[in-house]
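Model the placement of chain R on the given structure of chain H, informed by the hints.
Protein sequences appear in the order of chains H and R. Our numbering applies: residue 1 is where the first sequence begins, and numbers increase by one. Our numbering applies: residue 233 is where the second sequence begins, and numbers increase by one.
There could be a bad hint or two in this list.
With a straight-line Cα cutoff of 25 Å, these simulated DMTMM-like cross-link-like pairs (lysine to aspartate or glutamate) come out [as the list claims (entries may be wrong)]:
| hint | chain 1 | residue 1 | chain 2 | residue 2 |
| --- | --- | --- | --- | --- |
| 1 | R | Lys-369 | H | Glu-209 |
| 2 | R | Lys-369 | H | Asp-122 |
| 3 | R | Lys-379 | H | Asp-120 |
| 4 | R | Lys-379 | H | Asp-49 |
| 5 | H | Lys-30 | H | Glu-224 |
| 6 | R | Lys-404 | H | Asp-83 |
| 7 | R | Lys-404 | H | Asp-22 |
| 8 | H | Lys-149 | H | Asp-62 |
| 9 | R | Lys-379 | H | Glu-153 |
| 10 | H | Lys-140 | R | Glu-370 |
| 11 | R | Lys-404 | H | Glu-209 |
| 12 | R | Lys-379 | H | Asp-50 |
| 13 | R | Lys-369 | H | Glu-153 |
| 14 | R | Lys-369 | H | Asp-50 |
| 15 | R | Lys-379 | H | Asp-122 |
| 16 | H | Lys-21 | R | Glu-370 |
| 17 | R | Lys-369 | H | Glu-169 |
| 18 | R | Lys-389 | H | Asp-50 |
| 19 | R | Lys-379 | H | Asp-22 |
| 20 | H | Lys-21 | H | Glu-209 |
| 21 | R | Lys-404 | H | Asp-49 |
| 22 | R | Lys-369 | H | Asp-49 |
| 23 | R | Lys-369 | H | Asp-120 |
| 24 | R | Lys-404 | H | Asp-120 |
| 25 | R | Lys-379 | H | Glu-82 |
| 26 | H | Lys-217 | H | Asp-122 |
| 27 | R | Lys-379 | H | Asp-62 |
| 28 | R | Lys-404 | H | Asp-122 |
| 29 | R | Lys-369 | H | Glu-73 |
| 30 | H | Lys-21 | H | Glu-224 |
| 31 | R | Lys-404 | H | Asp-50 |
| 32 | R | Lys-404 | H | Glu-88 |
What the hints contain is simulated information worked out from the structure, not anything from laboratory work.
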Amino acid sequence: MVEYAQEAVKKGSTAVGIRGKDIVVLGVEKKSVAKLQEERTVRKICTLDDHVCMAFAGLTADARIVINRARVECQSHRLTVEDPVTVEYITRHIATLKQRYTQSNGRRPFGISALIVGFDCDGTPRLYQTDPSGTYHAWKANAIGRSAKTVREFLEKNYTDEAIATDNESIKLAIKALLEVVQSGGKNIELAVIRRNQPLKLLESKEIETLVTEIEKEKEDEAEKKKQKKST
Amino acid sequence: MALANVLQSESVDFSNYGRKCRGFSSSLYETELGLESVGGDNLSFAVRTACSDGDGPERKIQFLHGTTTLAFKFQHGVIVAVDSRATAGAYIASQTVKKVIEINPYLLGTMAGGAADCSFWERLLARQCRVYELRNKERISVAAASKLLANMVYQYKGMGLSMGTMVCGWDKTGPGLYYVDSEGNRVCGDLFAVGSGSMYAYGIVDSGLKQKDLTVEEACDLGCRAIYQATYRDAYSGGQVNLYHVHSEGWNRVSQSDVLMLHQQYQAEKA
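So that you can see chain H by itself, here it is in the shape it has in the complex:
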C-alpha cells in the first residue's frame, strides 16, 4: 500500500527545499490554473507555526489533513511545554502520524511527501523530508515530486558553501533548481522564504521574475566567458 502512495507522490508537482545559513527556502512548481480559477486558492506552501512551514508533493487532500494535525500539535506543544516546537519534533510527529496509517486496517497511507523547514529556538536552520512510509531525514537541500531525481542531481552538483553564502544566493539556487524541470520560467514558480526570527514570506511574482532574469543573464555571461576561453 505504501508503494502506491509513493507513486502518487512521484506524480505530484515538484517541490524543492534549500537550507541556507540564515535562511531556508521552499520552492514549488505552480501548476497552470484554468482561466476561470482563482489563483490564490491553490497553495502548496503552508505555515505550521511562526517559525516552521512546509511544502508537499502528492495528494492535496491528504496534505490538508496532515497540515491541520501538525498545526494543532504545534499549539498543543506550546501549551504543555511552554516552548515552540523544534522542527525535528514536528517532523517526528508528522512522520509518526503517517506511519500509523501504514499499519492499521481500514486506512490507507497518506499520499504525500513533505519538506518541512524552519528555525529552532536556538537559531539553527533545519530542513527535513518525510515520505508516505513515515520515515524522515534531515537534508541540506532536497526535492520531491515529479522529476525530483533530476533536481536532486542538480542540487548535488551545485550546493556548495558559496552557493548558499548569502540569502539571495540561496534563493537563486532554489530557482535554478526548479528551472531545470519547470517549463517557461518564473510564472510557474512559487517561492517562499523564512529568515531567522521572521515569519514565512511568499515572494511576489515580480520578485521571482527579476531573479529569473538575473539568473538567465548570469547563464549567458557564463556561456560568453566559455566561448571566449575556447577561442583564445
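Chain R in isolation, oriented as in the chain H frame:
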C-alpha cells in the same frame, strides 16, 4: 462569593468572604490551615480541602500534618530547605521524614500535603521527564515538567488528592521554581514557602533577600535559618533542616542539620 464557596478555593483568592476563619490570610503562594486539628480532615498544608461542613468528603490524611518547606531563587540557582517533622494531631509521628523528592539529577520536588500523593505523582513525573529526555534528546524544562505535573493532577481535581509541591530545577533559561498543587494552581515565582510554618519562614527570607547577590553560602545559611525559625515557633515543624542547592550542573544536598544543634549554634552566635 458564591463561586469561591463552591470551589472552596484558596490560593488565588479575591476576597476573604466565606472563610470559616482561621485568622490566617491566604497569600498568593499558599494557604494554610489552622493549628486546630479538629475532625481529622484538616491539612496543615498548602492545600485546602473541603471544609468540614458536611458537603465535601471528609479527608482523613494521617501523616504530614504541619510542615515548613521553602524554596527561593537567587543568582546561583535555587535553594530548597525543608523540615522533617510529621504530626498527626498533637502526636509527633516522625522527626525524620524526607520531604524533598529527587525527581531526577536536575529537578527537585518538595512534599506538602498527603505524602503518598506527593511521592506517587512526583515519581510519575520523573518517568514522564525521562521519556521526554529520551524522545527529544534534551532535558525537559522546569516549566514543562511543572506543567506536566499540574495537568496530571488536574484530572483528579475534586477527588480528594492533596498535594502542594514546589518544582525546582535548572534548565537552559536558568533557575526555575514553580508551585503546583492538587487544586490545579501552577504559579511561577522567585520565592515560595509552604506549610503551617511558612509565615515565620517568609519573615526571615524576605528580610534576608533584601540585599541582592547572595553567595551560595549566604543563601544556604538564609534557608537554614528560615526553617529553623519556623520550627522554633511552629509546633508542627521540627526535626532536621534538609538543605539542597540546585545549580547549573544539577542539585546537591548541602546539609542536614538537627534543629536543636542549630538552636545552640545560633544562641552561641548571639552571645
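Structure-based check of all given hints:
1. Lys-369/R <-> Glu-209/H: Violated - the C-alpha atoms of Glu-209/H and Lys-369/R are around 43 Å apart, more than 25 Å.
2. Lys-369/R <-> Asp-122/H: Answer holds: Lys-369/R to Asp-122/H is near 15 Å, not above 25 Å.
3. Lys-379/R <-> Asp-120/H: Roughly 22 Å separates the two Cα atoms, so the pair holds.
4. Lys-379/R <-> Asp-49/H: holds (21 Å)
5. Lys-30/H <-> Glu-224/H: Measuring from Cα to Cα gives roughly 31 Å; hence the hint is violated.
6. Lys-404/R <-> Asp-83/H: holds (12 Å)
7. Lys-404/R <-> Asp-22/H: holds (23 Å)
8. Lys-149/H <-> Asp-62/H: holds (23 Å)
9. Lys-379/R <-> Glu-153/H: The given pair, whose Cα atoms are some 47 Å apart, is violated under the 25 Å limit.
10. Lys-140/H <-> Glu-370/R: holds (23 Å)
11. Lys-404/R <-> Glu-209/H: Not OK: Lys-404/R and Glu-209/H at ~44 Å, beyond 25 Å, violated.
12. Lys-379/R <-> Asp-50/H: holds (23 Å)
13. Lys-369/R <-> Glu-153/H: violated (32 Å)
14. Lys-369/R <-> Asp-50/H: Distance ~23 Å between Lys-369/R and Asp-50/H Cα, so the pair holds.
15. Lys-379/R <-> Asp-122/H: Roughly 22 Å separates the two Cα atoms, so the pair holds.
16. Lys-21/H <-> Glu-370/R: It holds: about 23 Å lies between the C-alpha atoms, which stays within 25 Å.
17. Lys-369/R <-> Glu-169/H: Violated - the C-alpha atoms of Glu-169/H and Lys-369/R are around 33 Å apart, more than 25 Å.
18. Lys-389/R <-> Asp-50/H: Violated - the C-alpha atoms of Asp-50/H and Lys-389/R are around 34 Å apart, more than 25 Å.
19. Lys-379/R <-> Asp-22/H: Violated: Lys-379/R and Asp-22/H sit about 33 Å apart, past 25 Å.
20. Lys-21/H <-> Glu-209/H: With a Cα-Cα distance of about 24 Å, the restraint between Lys-21/H and Glu-209/H holds, given a limit of 25 Å.
21. Lys-404/R <-> Asp-49/H: holds (22 Å)
22. Lys-369/R <-> Asp-49/H: holds (22 Å)
23. Lys-369/R <-> Asp-120/H: holds (14 Å)
24. Lys-404/R <-> Asp-120/H: holds (14 Å)
25. Lys-379/R <-> Glu-82/H: Distance of about 8 Å is within 25 Å: holds.
26. Lys-217/H <-> Asp-122/H: Not OK: Lys-217/H and Asp-122/H at ~38 Å, beyond 25 Å, violated.
27. Lys-379/R <-> Asp-62/H: The hint is violated at about 33 Å.
28. Lys-404/R <-> Asp-122/H: Satisfied, since the Cα-Cα distance of roughly 11 Å is no more than 25 Å.
29. Lys-369/R <-> Glu-73/H: Holds, at roughly 19 Å.
30. Lys-21/H <-> Glu-224/H: Given that 25 Å is the threshold and the Cα spacing comes to 31 Å, the pair is violated.
31. Lys-404/R <-> Asp-50/H: holds (22 Å)
32. Lys-404/R <-> Glu-88/H: Between Lys-404/R and Glu-88/H the Cα gap is close to 18 Å, so the pair holds against 25 Å.
The structure fails to meet hints 1, 5, 9, 11, 13, 17, 18, 19, 26, 27, 30 from the earlier list, while all remaining hints are met.
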